[in-house]
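The lines below spell out each chain.
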Amino acid sequence: MNDLLILAMVWLGFAVLIALTTRALLARLLTRLDRLSPARRSQWLWMICGAPAWGGLALCALCLTPSVLGFIWPGLDHCADHAHHAHLCLVHGTAAPLKSVWLAPLLLALAVVGWRLAGSTRQLLRARALLAALERTARRDAQSGAYLLDVEDTWAFVGGLLRQRVFVSNSLRQQLSPDQMALVLAHERAHVSRRDNLRRLTASLLSSFHLPSTRLLLLDRLELACEQACDDLTARSERERLQLAQTLLRLSLLVEDRSSPAAYAASAAVGHLEPRVQALLSPPTRPRDASAWSVAITCVLIALLTEPLHHATETLLNLLLD
Amino acid sequence: MHLISPPAILGELETAVMERFWASGEASVKDVNREVGESRGVTLNTIQSTVKRLYEKGLLKRRKVSHAYLYRPRLTRAQFQAHVLSEVVELISDGASDGVLSAFVEVTESAGPERLRRLEALVAQRLEGLDGEQGEP
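One line per chain: the protein sequences are A and B, in this order. Numbering of the first sequence is given in our numbering, commencing with residue 41 and proceeding in unit increments. Numbering of the second sequence is given in our numbering, commencing with residue 328 and proceeding in unit increments.
Since the hints were derived computationally from the structure, they do not count as laboratory data. All of these numbers come straight from a predicted model, not from anything done at the bench. Hints are not guaranteed to be accurate.
Some chain B residues close to chain A (C-beta under 8 Å, calculated; not the full set) [as the list claims (entries may be wrong)]:
| hint | residue |
| --- | --- |
| 1 | Ala335 |
| 2 | Thr342 |
| 3 | Val415 |
| 4 | Leu418 |
Label-pair ranges, simulated between beta-carbon atoms [said to hold, decoys possible]:
| hint | chain 1 | residue 1 | chain 2 | residue 2 | range |
| --- | --- | --- | --- | --- | --- |
| 5 | A | Leu69 | B | Glu346 | 48 to 54 Å |
| 6 | B | Glu346 | A | Leu165 | 22 to 28 Å |
| 7 | B | Gly385 | A | Leu97 | 45 to 51 Å |
Glycine residues also receive a C-beta, built at the ideal position from the N, C-alpha and C atoms.
Take these sequences, add in the hints, and give me the full structure.
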C-alpha cells in the first residue's frame with residue numbers, strides 16, 4: 041500500500057510538471073499545430089489534453105524500467121548500491137515510509153480525481169438514458185439512417201459513444217435544400233467514423249490535470265480541429281467545400297435567438313464558424329507524416345533518459361521522504 | 328402549461344404507452360391495454376400502473392367520465408423531445424464538454440449577422456465564379 045501511494049505521488053508529480061510545461065509552451069505548441077491538417081491536429085491536441093495523465097504514467101513506467109531490467113537480468117540490479125535512500129523498484133519496494141505530511145494532500149488529490157471520474161460517469165449514464173429516450177420517440181429515416189426529431193429548432197448532432205446515432209430535426213430538413221442536407225448528414229457521419237464523441241469525452245476527462253485556462257483553450261482547439269477534420273472528409277472538391285461553407289453560414293443565420301437551450305446547442309454545431317468557413321475557402325492542408333527519423337530519435341532519447349530520470353526521481357523522492 | 332419539469336427519461340413500456348397517446352389521443356386504461364398491453368403480453372394491472380406513473384410524472388392529464396378516467400398527453404412528441412434535448416444541453420454545459428461552451432461564446436461574440444452575411448456573399452461570389460469557369464468553352 042505504501043509503495044502504491046508513493047507511485048501515485050510520483051505520477052501526480054509528473055502530471056503537474058507536464059501540465060506546467062504545457063502551459064509554458066502552449067502558445068508555441070498551438071502555432072505549430074496550426075500548420076498541420078485538422079485530422080492530424082485533432083490527434084495531437086487529444087494527446088496534449090491527456091499528456092499530464094498518460095505522460096505521468098509513462099514517466100512512472102520509465103522510472104520503473106531499471107528495476108524491471110534488474111529483475112530480468114539480475115546483474116543489472118543496482119538497488120544494493122544505494123540502499124541508503126528510497127528506491128523506485130518493483131522488486132525490493134520503495135524502502136521508505138510515506139510521511140503523514142504528504143499523505144493528506146496525496147489522498148486529497150486522489151479523492152478529487154476519483155470524485156471527478158465518478159461525476160463524469162454519472163453524467164455519462166444520464167446522457168445515455170436521455171439519448172435512449174430520444175431514440176425511442178424519434179422516427180428513423182430509412183434512406184439516411186438518421187433519427188428524425190419533431191422539434192421546432194434546428195438540430196443535427198451525433199449521440200452516443202460506442203453506438204453512435206445521427207439525430208436531425210425535421211425543421212432543419214425543411215429549411216435546407218436536399219444538397220445542403222446531404223452535406224450536413226455527411227458531416228455528422230464523419231463525426232461517427234472518427235468517433236469524435238469518444239475523443240472529446242476522453243479529452244475532457246484527461247485534461248482535468250491541466251490548469252483551467254489551458255484546459256479550456258485545448259478543448260476549444262480540439263473542437264475546432266474535429267469540426268474542420270469532418271469538413272475535410274465531407275467536402276473534397278472546391279465546389280463541395282464552397283457549398284459546405286454556404287450551408288454552415290445558412291445554419292448559423294437560422295439560429296437567431298441564441299438564448300434558448302436548443303439555440304445554444306445549434307450554435308455549438310456551427311461553432312468556430314469563421315475559421316471553418318475561411319478554411320473551406322482555401323484548399324485542404326496536406327497531412328505531413330512523422331518521419332522514421334523523428335520516431336527513431338524519440339526512441340533513442342527515451343532510452344538515454346531512463347537511467348537519469350530514474351535516479352533523479354529517486355533523489356527527489358528521498359528528499360521528500362527523508 | 329402548469330408542468331414544471333417532467334422527467335425526460337422513459338422506460339420502454341412508458342414510451343410505448345406515450346406513443347399510443349401521441350398517435351391516437353385520449354384513451355382509458357382499458358383502451359391502452361387493448362392496443363399496447365395485449366400485443367406485448369402485459370397485464371391490465373401493469374398498464375394501469377404505467378399510465379398512473381406517467382400521470383404522476385406529469386406527462387399525462389386526465390378527466391373522469393362516469394367511473395373511469397380518460398387520459399391524454401400533456402406534451403406533444405415535439406415538446407417532449409425538446410425537453411429531452413434541453414436536458415442533454417444542460418448536461419453538456421454542466422462541464423461534460425467545455426469545448427461546446429467556448430464554441431457558443433465565440434459564435435455570439437465574433438460572428439454577428441452582418442459579418443455572416445458578408446461571408447455568405449463572399450462564398451456565393453466564389454461559387455458563381457466556379458460556375459462561370461465551367462461554363463466557358
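Hints and how they fare:
| no. | hint | result |
| --- | --- | --- |
| 1 | Ala335 | holds (6 Å) |
| 2 | Thr342 | holds (4 Å) |
| 3 | Val415 | holds (5 Å) |
| 4 | Leu418 | holds (5 Å) |
| 5 | A/Leu69 to B/Glu346: 48 to 54 Å | holds (51 Å) |
| 6 | B/Glu346 to A/Leu165: 22 to 28 Å | holds (24 Å) |
| 7 | B/Gly385 to A/Leu97: 45 to 51 Å | holds (48 Å) |
Checked against the numbered hints above, the structure breaks none of them.
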